[in-house]
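Respectively, the protein sequence lines represent chains A and B.
Just remember that the numbering used here sits 1309 ahead of the position in the first sequence, which is counted from 1.
Just remember that the numbering used here sits 1361 ahead of the position in the second sequence, which is counted from 1.
For the record, the hints were derived by calculation from the structure and aren't laboratory data.
Keep in mind that this is a model prediction, so the values were computed, not measured.
There's no promise every hint is true.
As the list claims (entries may be wrong) - Just so you have them, the derived chain A footprint on chain B, three or more residues with Cβ under 8 Å:
hint, stretch
1, 1499-1508
2, 1513-1525
3, 1546-1553
Said to hold, decoys possible - If you want the ones that stay clear, here's a sample from chain A, every Cβ over 10 Å from chain B, calculated:
hint, residue
4, V1383
5, P1423
6, R1432
7, R1441
8, G1445
9, E1448
10, W1464
11, F1465
12, R1468
13, S1512
14, P1514
15, A1515
16, V1518
17, P1520
18, S1548
Glycine included, C-beta positions come from ideal geometry on N, C-alpha and C.
Chain by chain, the residues run as shown.
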Amino acid sequence: MRIRARVGRSPIGGPAPTVVRLALYVLLACTAAAGGVGAVHAGATNTAAATPAAGPDRVAIEGGLYRPLYRQPVKGANRDTVLRRIVSVTVAPFELDRRPVTNAQYLEFVRTHPEWRRSRVSRLYADASYLRHWHGDLELGEQAPPQSPVVHVSWFAARAYAAAHGGRLPTVAEWELVAAADETRKDATRDPAYLARLREWYSRPATRVLPSVGAGARNAWGVEDLHALVWEWTLDFNSALVSGESRGDASLERSLYCGAGASNAADFADYAAFMRFAFRASLEADFTTGQLGFRTARSLPVAGGKP
Amino acid sequence: MGRGLLMLLVLALIGCSRPHEREAELGTDDTVVRAQEPSLFELGFPFTDTDGRTRTLAEFRGTPFVASMVYTNCTSVCPRVTADLKTLEKALPPDVREHTRFVLFSLDPGRDTPVALTKFAEQHALDRSRWTLLASSEDDMRTLAAVLDVKFRPDEGGEIAHSAVVVVCNPDGTVRHRQVGIQNGVDALVAAVREAAR
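Isolated chain B (complex conformation) (with noise of 0.2 Å):
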């Protein structure tokens, strides 16, 4: 078996990611009907926040929310997420953006300590009135890559190499949207914020 047709699946590998599907059902009239979606309020552990204070994710809960995982050491995607995000923030009509919560979790809650992540933010000129940025445990920080699915491994060196993922939720804590990858534009994004507010 050669080298190159190996090659050649792990690139298959590659090129056949998608968004995650959850199990779907058709309903009679052909819409395709998300059941037994689960909500990531169900995940309860305890996040501390930027001023260290003890937050869990219900509190999002009744306003569409937009999340990734980053850590503040990171130099390459995280800084281009982060742009991302608050590019759609602005791309958002003010009614919708006024009710979008916008969510940065560390993958690194060794050192992303409550000034880590406040110096983050305002490095990045974050609107705190919307912006959240929280730590777990490590146990629950490898919880939750787990269930949005990044894909992270600790390097040498001290970086985290990591799949960069942004997920759109509706105001029940379901995901309606996720997205891998750094794109061009945020149009999916601002769609999918903007149906998860209706």
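Chain A with its partners taken away, still in its complex shape (with noise of 0.2 Å):
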């Protein structure tokens, strides 16, 4: 069993100071190796024919440019000069769900996909407690209520769900765009109340049994439940790479990563960014936890350009 099994930890964290949390995240991301920063460009991998009509399930985001946490190592004029810089990446428009998926939407996918379900699962794709808070293959149970996220849910299963439904999972660019607002303002994360707020919700307690989704307020882009409910897997979590050096020169730890390759942290002024990235660098695409869900995306048809 995989010590991140027995870590309960919810985006609502625990009562335990900063950094016994952190510690159990180190113990979160001991079964992978660590990696670097992760900003991709939107838009790359939609696997939907038509063009869908954004219901009231769905929100039309009009994209713009999502500030990176992490510094990457960008070219110097001199050659063996590499700086490092924060490369805002731009995101194009497209359409993200206002929620979460939930047990019963999951609940209608396994029903129609029978390799999806608890019993069917290749281990290549889901580990051994993929659906574990289900009664069953097809049943719920107390410990799932229908209208709240599904958890125990791998990144294959959930883009395997994406896919079904004429999606794909957000990437992590489009994710942080569209969580970095508050109730009014597209990008509240310079305000230290609003980070405040965030550092007070991801230290609530997890409880055993996950709330509906849709209790809380939406966001200014009109979209719910990004905070303090579930973490949520992204397009390429596993763009997280993060360096063994600490220093910012230009000695990179060739060994592990190509290219550029590593990146190290800017700014931990927003934690729960922080966090979300340090979550993200300790999965890989088979876990399933019980504070893991996912929300689809779409690609929007930009005038001119690459969709």
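Join the two chains into one complex using the hints; note that each chain is given alone, in its own frame.
Here it is, written out as structure tokens:
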């Protein structure tokens, strides 16, 4: 059994002090090779054929600039210099589910896709904790209320669900862009009061049975439940690369990483974003945990550009 | 909470990396038996090789194979990984070498066309009777990278930062050995291939 399976941490962490929580995330991370920074251009892999209409369940996001937490190595004018810059990512317009996928929705999916039922799923695509909170292959039970976000699903499973619904998983850049908002501002991350609220949400104790989706407020984009409910899978969660070097110079840990490679953190003020980054870096695609769910996204056609 | 402590924890995150372990159960004689080890051959999606032909992973059933994910425009670690795999190839006993296959999967299928892959194979003088270079769709590449637990991130300027992962697979497609990062020497890989060839 992996250690991570016993750590029942939610993004609404626990009452333990910051240091202990971070130590627990170190334990979480101990099964994975650590990585570097994750900002990938959005809208690359939409599997949808038709142009969907944004209904009450989906929100059209006009896109924008996502400013990653981490600096990327960027070559300086002198070939020997490697500078560390925050490189903003342009997020193209896309659609995002208003709420995380629920147990009820996922149940419908496994009804029509039996290969994703708990007793039949391949171990290549999901570990032994897959849907463990359900009563059976097709029975939710009292630990999985229908309107609560589905958890104990792997990245492969989440992706399959998304594809079956004409969508895909959101990228880190897309998710973080939308998650930067509070109720009235699209980017509230420079506001210390907002960051303090996030820290408070992330420090609430986890509940054994998750509450329903949609109980909280909509953010400025109209999206709900990005914080304080479940962690969420992203398409490129495995783009989180963390440097083995803490120095900001050109000596990178090249043996692990290709290319200009590893990056290091620029700013810890947005503590919640750092926690999410660290959490993503600890994940492998077949992992399932009790506080990790997902929502889906869809690319939107960009006029005159690449979709 | 000081930056120092956070950095320490980040370093600890790195330090804790080890090969991905599957669930194991103890047999009655205390040997660890790998239970339910999945096979890479479950990945049924198609690849294109250097000749533009459609290939599948299942073709490699029956012999041990060594695989990595690279891309042809890589200037740092990928050439080193390839060189190490060639060293491994040479270091194998002839009877094992004859039956071992080497597979390089592209992380950059958009640019790694059959022509680009052919050029890469020629530049590295890869013995095509043993080496296969494959590219898939972008979506399928993402699936494969997730299965092999390769971290990657396309950067500004066309490079793809990624972890250097080598897997040694048994003839049934299960992963016997996984190596992350460039190591000093190929002894562990040689040992793994020889075990896989038994």
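Going through the hints against the structure:
no., hint, in the structure
1, 1499-1508, "holds (count 7)"
2, 1513-1525, "holds (count 12)"
3, 1546-1553, "violated (count 0)"
4, V1383, "violated (7 Å)"
5, P1423, "holds (16 Å)"
6, R1432, "violated (4 Å)"
7, R1441, "holds (13 Å)"
8, G1445, "holds (20 Å)"
9, E1448, "holds (23 Å)"
10, W1464, "violated (6 Å)"
11, F1465, "violated (7 Å)"
12, R1468, "violated (8 Å)"
13, S1512, "holds (13 Å)"
14, P1514, "holds (20 Å)"
15, A1515, "holds (21 Å)"
16, V1518, "holds (26 Å)"
17, P1520, "holds (29 Å)"
18, S1548, "violated (4 Å)"
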